[in-house]
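Colleague: The listed protein sequences correspond, in order, to chains A and B.
Heads up: the first sequence at position 2 corresponds to 2 in UniProt numbering, and the numbers run straight through without jumps.
Heads up: the second sequence at position 134 corresponds to 134 in UniProt numbering, and the numbers run straight through without jumps.
These aren't lab readings, by the way, just hints derived from the structure by calculation.
We put the CB at the ideal spot given by N, CA and C, even for glycine.
Any given hint might turn out to be false.
If you want the footprint, here are the derived chain A segments under chain B, 3+ residues with CB under 8 Å [stated by the list, open to error]:
#, segment
1, 50–60
2, 69–80
3, 114–127
For each label pair, taking beta carbons as the anchor points, the in silico distance ranges come out as [as the list claims (entries may be wrong)]:
#, chain 1, residue 1, chain 2, residue 2, range
4, B, MET328, A, THR132, 36 to 44 Å
5, B, PRO31, A, PHE53, 49 to 57 Å
6, A, GLN122, B, MET328, 48 to 56 Å
7, B, ASP201, A, THR55, 37 to 45 Å
8, B, PRO215, A, THR69, 39 to 47 Å
9, A, GLN134, B, ILE266, 47 to 55 Å
10, A, PRO111, B, THR279, 34 to 42 Å
11, B, ASN240, A, SER106, 37 to 45 Å
12, A, THR69, B, ASP182, 42 to 50 Å
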Amino acid sequence: MKKYIIISALVMAIISIMSGCKKNDFPVDEDGLLITTRTDCYVSNFELLGPDFQTVRSKAPVIDTTACTISQEVLYGTDLRSVWPQFSLAQDCKLDPKVTGKTDFSDLANPRQYTVISGNRQIRKTYKVIITVQSR
Amino acid sequence: MTINFKSYIPFIAGIVLLFTACSKSDDYAVPTPKDQLQNDCIKRSLGPNLVGSNIEFAYAMALPKTRGKLVSAQVEASIQGAAGTYLENRSFYTNNSGVDVPVKIGDPSVNNGNATTTNFTVDTNAATLRYFYQVPEEARGKKVSFTFTAKSSNGETVTYKMGPYTVSKMDMALDLGVNDADSSYISIADMKVYRRSQPVDPTKIDLIYMYRTFPTVTFKHALVAPAAPKEYLTDFVVPNNATNDVRLVKAFNLRDQQLARQQYGIFIDDPDFLAQNFTNMPDYFLNIKQEAGAWVETADGKYRAYIYFNVVDDAKKRMTISIKRYTMK
């Protein structure tokens, strides 16, 4: 009986050691995000919030994944110097530059640009965010 | 056939555990009252302590029947309360319907300097009196504490200390009415609303209230600074020399309990004004919704305020607003 207990313990110990030394097969990028095999690279939705964290969109965004543009009309009177953009991306994608807080979109002549990077980190698509304000 | 007793060990252990879990707890014993005059106190009012408003306490005192009766109750504040300070001469109990029912126990309280005293005129050996301390101007930004004292007929005295409590620096103005027809000018410096039809110092005008509708955009109820772009002032004729340019930060779901006086459990206090960032903020707020709010910084940076929109009435083109204001300089 004692013999079996010792053998079981040894087998468990060896398995534990082997598991612990197993090489990590999943690569991560510089942000610590998993690099996958996915090649999807697009923006699926766009939102713009005001200082009170309520939407300033007057209608749904028009996202052209071929021309890589996001056209968004905002409510009359929206102050675009301090709004919070939110992007929904295809699975495993990431955005560059990162959205870290309120952003100035007031320079309508020079639309802001955001690059979507695919899950395999091989494909990059730069989107222009074209904002228009409702007029009276 | 042999029986392996070791295999029954987990079963027996489980049974033992079950019995342990179901063991009866000790019987409750009614506590024996102390043979002396006793007291206790709770603070009933919640939120920041504002100048002009009340800090409310409930002070309970009791002694065994054999040791006499209550003679007087007194509260001494570290800073003399304003004229509205009083100690109840009625003790309340809550009936089966949840209603607080008063029982008169003495004469109305008397204020003498920092002390407020109620003398008992009925033979009672237990009472709970409420104390309302109206915060005076002298207490603004300071700490105030209270000493509650009860006396019995056999000469016993007990005291209970409460505080210190910090009195906020901010001011509050409730239920100011603005309407599109006339009462349009809001002064943060004065915490008042001025009428267009009456003479007003244009330098006092921080915000203009208006109600407008347009076929293609939503404008409705709006607060606009006199110096805001003409586009947002629409057809409004701004008085000469009205040039204040306040900054506004919209807020949503920030329903201060003292401003809204509803069930909300949010309180805006002094540090909240200091934490606001008005950089790159507009000088107008369009399409105002009921129960929303706006942080405001005056043009000279002297005041910061939070305006809460209690009532927004499209039909009558009016709003009821309440303001908390903090002096920065």
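Colleague: Quick check: the segment 114–127 of chain A, covered by chain B? Criterion 3+ residues, Cβ under 8 Å.
Modeller: violated (count 0)
Colleague: A range of 34 to 42 Å was offered for this pair. Does it hold for the Cβ distance of PRO111 (chain A) and THR279 (chain B)?
Modeller: violated (23 Å)
Colleague: Lying within 49 to 57 Å: is that true of the beta-carbon distance PRO31 (chain B) to PHE53 (chain A)?
Modeller: holds (52 Å)
Colleague: Can you let me know if the beta-carbon spacing of PRO215 (chain B) and THR69 (chain A) is within 39 to 47 Å?
Modeller: violated (29 Å)
Colleague: Taking the beta carbons of MET328 (chain B) and THR132 (chain A), is their distance inside 36 to 44 Å?
Modeller: holds (37 Å)
Colleague: At a Cβ distance under 8 Å, does chain B reach at least three residues of the segment 69–80 of chain A?
Modeller: holds (count 4)
Colleague: Kindly confirm whether 42 to 50 Å is satisfied by the beta carbon distance between THR69 (chain A) and ASP182 (chain B).
Modeller: holds (48 Å)
Colleague: Within 47 to 55 Å: is that where the Cβ-Cβ distance between GLN134 (chain A) and ILE266 (chain B) falls?
Modeller: violated (32 Å)
Colleague: Are ASP201 (chain B) and THR55 (chain A) spaced within 37 to 45 Å by their CB atoms?
Modeller: For THR55 (chain A) against ASP201 (chain B), whose Cβ atoms are near 39 Å apart, the range 37 to 45 Å holds.
Colleague: Check whether three or more residues of the segment 50–60 of chain A sit with their beta carbon closer than 8 Å to a beta carbon of chain B.
Modeller: Holds, because 5 residues of the segment 50–60 of chain A bring their Cβ atoms closer than 8 Å to Cβ atoms of chain B.
Colleague: Could you say whether the range 48 to 56 Å given as a hint is met by the Cβ separation of GLN122 (chain A) and MET328 (chain B)?
Modeller: holds (53 Å)
Colleague: Could one say that the CB atoms of ASN240 (chain B) and SER106 (chain A) fall in the range 37 to 45 Å?
Modeller: Since ASN240 (chain B) and SER106 (chain A) have Cβ atoms about 30 Å apart, the given range 37 to 45 Å is violated.
In terms of the numbered hints stated before, the structure departs from hints 3, 8, 9, 10 and 11, listed from lowest to highest.
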